[in-house]
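Engineer: Letter by letter, the chains look like this.
2 protein chains.
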Amino acid sequence: MAKDFYGELQLGILGGGQLGRMLIQEAINYNVNVHILDPDKNAPCRKLCNRFECGSLSDFETVYNFGKDLDMITIEIEKVNVDALEKLEDEGVVVYPQSRIIRLIQDKGMQKQFFKQNDIPTAAFQLISNKENLYETAIPLPYMQKLRKDGYDGKGVKKINSTAEIEQAFEEPSLVEELVDFEKEIAVIVARNDKGDVSTFPLVEMEFNPDANLVEFLISPSTLPFEIQTQADEIAKKIAEDLQIVGLLAVEMFLTKEGEILVNELAPRPHNSGHHTIEGNMTSQFAQHLRAIFNLPLGATTARTNAVMINLLGEPRYEGLAKYEGVEDVLAVEGVFVHLYGKKYTKPFRKMGHVCIINDDRELAIKNARWVQETLKVKA
Amino acid sequence: MAKDFYGELQLGILGGGQLGRMLIQEAINYNVNVHILDPDKNAPCRKLCNRFECGSLSDFETVYNFGKDLDMITIEIEKVNVDALEKLEDEGVVVYPQSRIIRLIQDKGMQKQFFKQNDIPTAAFQLISNKENLYETAIPLPYMQKLRKDGYDGKGVKKINSTAEIEQAFEEPSLVEELVDFEKEIAVIVARNDKGDVSTFPLVEMEFNPDANLVEFLISPSTLPFEIQTQADEIAKKIAEDLQIVGLLAVEMFLTKEGEILVNELAPRPHNSGHHTIEGNMTSQFAQHLRAIFNLPLGATTARTNAVMINLLGEPRYEGLAKYEGVEDVLAVEGVFVHLYGKKYTKPFRKMGHVCIINDDRELAIKNARWVQETLKVKA
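Protein chains in written order, with our numbering: chain A, 158 to 537; chain B, 158 to 537.
Hints in this document: simulated from the structure, not taken from any laboratory. A portion of the hints provided could be inaccurate.
As the list makes no split between identical chains, a pair holds if one copy fits it or if it spans any two.
Said to hold, decoys possible - The list that follows gives simulated cross-link-like pairs (lysine-lysine, BS3-like), each with its CA atoms no further than 25 Å apart: (1) Lys536 <-> Lys244; (2) Lys480 <-> Lys315; (3) Lys236 <-> Lys316; (4) Lys225 <-> Lys315; (5) Lys480 <-> Lys352; (6) Lys225 <-> Lys501.
None of the values given here were measured: they were computed from a predicted structure.
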């Protein structure tokens, strides 16, 4: 569809954070008119779009009115009013990813049932309505309790170690999930356009910050055995096809100590596990998302070199106007790319930016990344 | 200086065309607040900045008022009111490139005298006040007449073949220049920051569209002999140092059939001959310009692969609302990056975008670029 739209296409993005910001950086190349809806009047995208509207993403009227004169809507966050998106779809606005997929993914319980119904390997689970159900669950202790809705970036997730701890469990409808003793967290980003073309980015490996439960360190491409890479790739493609999604889908997986792959969760949009693609791969995840939703040919995803991505998180104990330390130092090193997200205020573990470190020498890329991590700080 | 400014720096750009647009794409990574002044209310940057002001770049009051509350000003076009910039500099606004350099480069006559005074190789020339002087010039026919001021993109340049043609020559103060029988046009982009660090991008080779006198085809890196590359590189560095410029400087040169390098002209800003650096080099020219004016360490300029850049010019005979043909076709080829400039209207030879074609196989990059050139068209 995009062919006739260059310069005229009115694209709405629900959410105006860093993902929207990086999507805009790429959308500029396609002459797209971008409209942003975000509840934060200081959102990172506020000054970079044709129209910025400050409003709730969960409110039916707000989302519907924002979208009704647009050609196309996409998201950079799943927590949006899906009823409004459905109505917009009915009225002819193109919504990618489709509203039914956002609805499915908003609910971790429905996500898990989808995995089960489609033979997608995932950790054993049970859905519960309230805390009381935990006393009867068949999932052995310790296990994870995850709120079915509104959890993100490690929020809404609790590890329950003993019956005594059930007291402190979430009261709301949840997913109880077997604790996976994983070797590594891995991810594949897959894209699908409306023609049905499907393309995956090379597998990446991640390390998490145990305090913040956020991706802290990502390496691309993975050097795991070929069979693991193929299997992860095939799982991601199968999910994209089972869902018939149009757009990008990040598939986060566990690699268990036994070499088994279990799908953890999905994000139907550009994702933190794909930021390295800007410098590291032939096509960036943001370009790929646009190609997919505009039904253009998908771009080559080949890794151009080794890339390590680190999130630049607000330092613990600092809150207020953001100040950046060490930017000059890290920019002096070859292959270091700093992306700041335009957030005025920092707080502990807030995602303030990311850094991509590339090098043809993989060990050097990792070494430089560790050093950047120690050197670059966001304080207040 | 930039260190303390992230998120707070107010950067003005004189001109809101494609160069400003690509500068903004990069400035987003540094949390810079961008203010744009451009006479065209439909300028490519209009919706991508903190503040867009529609006004004349040549008017003293307009430029002065635009700049007086900013921290820093840079340019994406030389034709700006330099008196206003000088006053702003006096009042403490940082202007990079410095106003004296813009003044020098605005006048092709002063530029040539600067080359002469600094032993920079350039074609023989004479400055004339009016057409009559042409009858007495010592420069042998045929020669080039170039207006001292306001010429750009091939405008303000005439080839005079015979005494009879002097009739049709420009009346205004001009530069008469010996016709250079060149083998190739080549260019080096050099950057210098306020600490005095100087860094050059690898030499590139260009082909011009003879009808439009615009760069049409550029190859990076050059495969010319090492001595030529070194010599071109040294000339560019010397000019940056002689000028003590802060920012980017594009140095366009002729390589004569005798293997001599002659400097043609300078542009103190990101330049058409550096667009390939976005995908082709470790640091893009836009990132490098920002690093230079913010007095940050300059980035590595290494070529990551072979890159061919072609300008996407409005097709002859078409004028009006731009329509793009062949975008889907070219995006289906690996290593093809389309940059559209957000211009609503096309006219013959108007720069509507550019395409960068990368490939580790140089011949394939060139072949793909030729094919893109035949396939991608801007019509109305």
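Engineer: Please sort lysine 225 with lysine 315 into within, between, both or neither, judging by C-alpha distance up to 25 Å.
Structural biologist: neither (39 Å within a copy, 54 Å between copies)
Engineer: Pop the pair lysine 536 and lysine 244 into one bin, within, between, both or neither, using alpha-carbon distances up to 25 Å.
Structural biologist: Answer is neither; intra-copy 44 Å and inter-copy 37 Å both fail.
Engineer: Are the CA atoms of lysine 480 and lysine 352 at most 25 Å apart within a copy, between copies, both, or neither?
Structural biologist: This pair counts as between: shortest inter-copy Cα distance 23 Å, intra-copy 46 Å.
Engineer: Classify it for me, lysine 236 with lysine 316: is the Cα-Cα distance of at most 25 Å met within a copy, between copies, both or neither?
Structural biologist: Answer is within: at 23 Å inside a copy they meet the 25 Å cutoff, but 64 Å across does not.
Engineer: At most 25 Å between C-alpha atoms: does lysine 480 with lysine 315 qualify within a copy, between copies, both, or neither?
Structural biologist: Classified as neither; 32 Å inside a copy, 54 Å across copies.
Engineer: Give the relationship of lysine 225 and lysine 501 under a CA distance limit of 25 Å: within one copy only, between copies only, both, or neither.
Structural biologist: Answer is between: at 24 Å across copies they meet the 25 Å cutoff, but 31 Å inside does not.
The structure is inconsistent with the numbered hints 1, 2, 4, although it conforms to all the rest.
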